[in-house]
Amino acid sequence: MDSAAELTKPGPRIMPYLAVLQHDLMTLRASRLVQLWLGATVVLTLLLIAGNWTQFQDGPLIASLLFPYLVFPWFFVVVVLGVSPVSGSRADVLADGILSRPVSRFAYLLATWSARVILVWGVYLVVMVPAVVVVTLAKRPVPEDTVTIYGSITALGVVGLVLTFLTSLAFLAGTLLRRPLLALVVLVFLWYPVGLILSVFSLEEFSPISLNRAISTQLRQTLRTSEGSTDGGARAEDAQALPERLEHFLDVFSGTPSEPTATKPDFFEGEEFSDFSLLRVTLGYGLPTVMAVILAMLCFYWRDL
Amino acid sequence: MESAIHTEHLTKIYRQRLIAVNDMNLDVPQGCIFGLLGPNGAGKTTTLRLLLGLQRPTAGRAEVFGNLCGPNAVDVRSRIGYLPTNPKLPGNLRPIEYLDLLGKLCRLPGQRRKPRISALLRTVGLLGATDQRIETFSTGMCTRLGIAASLVADPPLLLWDEPTAGLDPSARRFTLDLIRELGKVKTVVVATHILSDIDQICNHIGVMCEGRMIFTGSTRDMKRRLRCDDFRLELDGDAEDIQHLAGDLAGLEGVDARLGAGLAVLVQMTEGRSRAGTLAEVLKLVDATNLSLKAVHSGPNATEDAYLQLLQEHEAHGFRR
Chain A
1 MDSAAELTKP GPRIMPYLAV LQHDLMTLRA SRLVQLWLGA TVVLTLLLIA GNWTQFQDGP
61 LIASLLFPYL VFPWFFVVVV LGVSPVSGSR ADVLADGILS RPVSRFAYLL ATWSARVILV
121 WGVYLVVMVP AVVVVTLAKR PVPEDTVTIY GSITALGVVG LVLTFLTSLA FLAGTLLRRP
181 LLALVVLVFL WYPVGLILSV FSLEEFSPIS LNRAISTQLR QTLRTSEGST DGGARAEDAQ
241 ALPERLEHFL DVFSGTPSEP TATKPDFFEG EEFSDFSLLR VTLGYGLPTV MAVILAMLCF
301 YWRDL
Chain B
1 MESAIHTEHL TKIYRQRLIA VNDMNLDVPQ GCIFGLLGPN GAGKTTTLRL LLGLQRPTAG
61 RAEVFGNLCG PNAVDVRSRI GYLPTNPKLP GNLRPIEYLD LLGKLCRLPG QRRKPRISAL
121 LRTVGLLGAT DQRIETFSTG MCTRLGIAAS LVADPPLLLW DEPTAGLDPS ARRFTLDLIR
181 ELGKVKTVVV ATHILSDIDQ ICNHIGVMCE GRMIFTGSTR DMKRRLRCDD FRLELDGDAE
241 DIQHLAGDLA GLEGVDARLG AGLAVLVQMT EGRSRAGTLA EVLKLVDATN LSLKAVHSGP
301 NATEDAYLQL LQEHEAHGFR R
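Protein sequence lines correspond, in order, to chains A and B. Residue numbering for the first sequence follows my numbering, beginning at 1 and increasing consecutively. Residue numbering for the second sequence follows my numbering, beginning at 1 and increasing consecutively.
It cannot be assumed that every hint is accurate.
Some chain B residues judged to face chain A by a derived CB distance under 8 Å, without partners named [stated by the list, open to error]:
| # | residue |
| --- | --- |
| 1 | L52 |
| 2 | N67 |
| 3 | P71 |
| 4 | V74 |
| 5 | S78 |
| 6 | Y82 |
| 7 | L101 |
| 8 | K104 |
| 9 | L105 |
Over the 12 Å line for every Cβ pair with chain B, so calculated as not near, a few chain A residues [said to hold, decoys possible]:
| # | residue |
| --- | --- |
| 10 | I14 |
| 11 | M15 |
| 12 | Q22 |
| 13 | A30 |
| 14 | V42 |
| 15 | Y124 |
| 16 | V133 |
| 17 | L137 |
| 18 | T148 |
| 19 | F165 |
| 20 | L177 |
| 21 | R179 |
| 22 | V185 |
Looking from chain A toward chain B, a few residues come up when the C-beta cut is under 7 Å (computed) [claimed, not checked]:
| # | residue |
| --- | --- |
| 23 | P12 |
| 24 | P16 |
| 25 | A19 |
| 26 | H23 |
| 27 | R29 |
| 28 | R32 |
| 29 | L33 |
| 30 | S100 |
| 31 | P102 |
| 32 | D145 |
| 33 | T146 |
| 34 | L305 |
Worth flagging that the hints you see were computed from the coordinates, not collected in a lab. The C-beta atom is built at its ideal place from N, Cα and C for all residues, glycine as well.
Let the sequences and hints guide you as you build the complete structure.
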């Protein structure tokens, strides 16, 4: 039969996946949330660059630009984007419009997940890549730093992976709990104390704040040094710079200039980042991401619409 | 002949509490227009959603053209065109964008999709609304777009859930005519509780009540189930004379008569009696009285009567159990 033969070809087989992906991307792009997020992230990045122009070296400055994605406020936006595709009243529209057509639930869920991940990466990279280029290439009245292309790509990749993980976690929570608001509250209560939970299991390198501390060091890594040693440990001065960066970040919101802080060389002595490894972090976020997507699919497969 | 739809002991229980579909055995022949009748909450929509794989059966099985239904039964859904009741459509899209999306979901290549969309929009009378967003559409326009959406892939089986709900008389007439035309080349299942629609278009009927299929068969079979043919005589005259006439009519062999609402007498015949012969005898008796005959009604709502009778029998059967 002609139609049966057509279905076995790869083009027609992925056509529903591509159609849902394209439709979801268009819908998300047109949503107010995404437009506001894009505008706000551009403004905040500009403010952070301008506010810290003469304060930090390249590494700490780029790390301060990535801080909103890892901790607050963009974490929240990413979770909101991920939480809604198959929950609440959307299920009716889905059932009537898409899932009553010849589309498998697997293809549908994969397409909606992909659309959200692509959108989050798109907004993140559209803002961050030019910002990183400007920060590293501009002549600023601060000591020279040794940020590398490899380091920049891997650091951006790690933060992107965390965002992918967050989207997938929100996706799973939305699918499991069905109510977007409930899923959102659960995730917020899970995410913020995550550092405490991870430190109990000696996995603090996976916490968003620890990651942000280590990013300055990762930015200075080269492919050779990375291959030579798996412990891309954070430098003590980078660790010291964190509270300062955090303060500057909060100053941007409050509008008050920060006061110079006294250096406390012994403050981070108890902290250990020597076991920070790009591979471990990649696996640490990558595997739960895959698990979250698989669980969401299983959950959605068994659900009645 | 292979059935378009076949179910065996199909059962759906929600959260161990509500029995929506109860041990349903159903065969819908190919090429018929099948009316799925039942009061609100009878389980009609749930049955359609089970066939589409949007819900999983608690027990039993459902097949469409010999293929098992389920959430990932893409091959089953590729042969079904579904129209939900008051379809919820993506308001941010325009009709062409929506139908194009559905065409892609049905894996239609571009060179087949575009002309099909334009032909469908013309058929459902939405060519003039192609630049409007769906969110601005009225209920009737949404239903018409839903009809077009169900026909995008030209499927051999159509499942339409209350297709005339919320339509004005001309749109309703258009929809019924369309079903009649489509029924010549496809199997159409129309779930509704509007009996006049069923009367006009369906040649097979299934009656559901409280999740059970209490009757399946042809429309003619269903009408035959009525206890007997009825005449309703509308008269003018003295109430006492009318009561006297009812007594005389009841004296005829194989005839039962009783007073109806207003100045009317209801005449029921037992099976096997000649309809014309009985009517002649009835009219002769009326003529012998001082009453004037205003009208004779003969089973104008046969389907409705048969349907109500089925529901009553089902209820009584339930009490006896």
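Consistency of the hints with the structure:
The criterion of a C-beta within 8 Å of any C-beta in chain A is met by B/L52, whose closest approach is roughly 5 Å, and the hint holds. The criterion of a C-beta within 8 Å of any C-beta in chain A is not met by B/N67, whose closest approach is roughly 12 Å, and the hint is violated. With its C-beta approaching chain A no nearer than about 5 Å, B/P71 sits inside the 8 Å limit, and its interface hint holds. Hint status for B/V74: holds, given a least beta-carbon distance of 5 Å to chain A, under 8 Å.
A distance limit of 8 Å between C-beta atoms decides the matter here; for B/S78 the minimum to chain A is near 4 Å, and the interface restraint holds. For B/Y82, the suggested interface contact is upheld, since its CB lies about 4 Å from the closest CB of chain A, less than 8 Å. Given the 8 Å rule on beta carbons, the hint for B/L101 holds: about 5 Å separates it from the nearest Cβ of chain A. About 3 Å separates the beta-carbon of B/K104 from the nearest beta-carbon of chain A, less than 8 Å, and the hint is met.
Given the 8 Å rule on beta carbons, the hint for B/L105 holds: about 4 Å separates it from the nearest Cβ of chain A. A cut-off of 12 Å between C-beta atoms contradicts the statement that A/I14 is not in contact with chain B; the least separation is 9 Å. Listed as a non-interface residue, A/M15 fails to keep its Cβ farther than 12 Å from every Cβ of chain B; the least gap is roughly 5 Å. With a least CB separation of 8 Å from chain B, A/Q22 falls inside the 12 Å interface cut-off, contrary to its annotation.
Residue-level check failed: A/A30 sits 7 Å from the nearest beta carbon of chain B, not beyond 12 Å. With a cut of 12 Å on Cβ distances, A/V42 stays outside the contact zone with chain B, its closest approach being about 25 Å. Separation of A/Y124 from chain B is adequate, the least Cβ-Cβ distance of about 24 Å exceeding the 12 Å criterion. At roughly 35 Å from the closest C-beta of chain B, the C-beta of A/V133 stays outside 12 Å, upholding its exclusion from the interface.
At roughly 41 Å, the least C-beta separation between A/L137 and chain B is larger than 12 Å, which holds for a residue marked as non-interface. No beta-carbon of chain B is positioned within 12 Å of the beta-carbon of A/T148; the least distance is around 44 Å. For A/F165, the requirement that its beta carbon stay farther than 12 Å from each beta carbon of chain B is met, with the minimum near 27 Å. Annotated as non-interface, A/L177 keeps its C-beta farther than 12 Å from every C-beta of chain B; the closest such distance is 17 Å.
Distance to chain B confirms A/R179 as a non-interface residue, since its nearest Cβ pair spans about 17 Å, more than 12 Å. Distance to chain B confirms A/V185 as a non-interface residue, since its nearest Cβ pair spans about 24 Å, more than 12 Å. Of the supplied interface hints, the one on A/P12 holds, with its beta-carbon coming within about 4 Å of a beta-carbon of chain B, less than 7 Å. A cut of 7 Å between beta carbons decides the hint on A/P16: the least distance to chain B is about 5 Å, and the hint holds.
The closest approach between the C-beta of A/A19 and any C-beta of chain B is roughly 3 Å, which is under the 7 Å cut-off, so the hint is satisfied. Restraint check, A/H23 versus chain B: the minimum CB separation of about 5 Å is within 7 Å; hint holds. Using the Cβ-Cβ criterion of 7 Å, the hint placing A/R29 at the interface with chain B is not satisfied: the shortest such distance is roughly 11 Å. With 7 Å as the threshold, the beta carbon of A/R32 stays out of range of chain B, its nearest partner Cβ sitting at about 12 Å, so the hint is violated.
A least Cβ separation of about 14 Å between A/L33 and chain B goes past the 7 Å threshold, and the interface hint is therefore violated. The interface hint given for A/S100 holds, since its Cβ lies 4 Å from the closest Cβ of chain B, which is under the 7 Å cut-off. With 7 Å as the threshold, the beta carbon of A/P102 comes within range of chain B, its nearest partner Cβ sitting at about 4 Å, so the hint holds. Nearest Cβ of chain B to the Cβ of A/D145: about 46 Å, over the 7 Å cut. The hint is violated.
Interface restraint check for A/T146: the shortest CB-CB distance to chain B comes to about 48 Å, outside 7 Å, so the restraint is violated. Taken as an interface hint, A/L305 checks out: its beta carbon lies about 4 Å from the nearest beta carbon of chain B, inside 7 Å.
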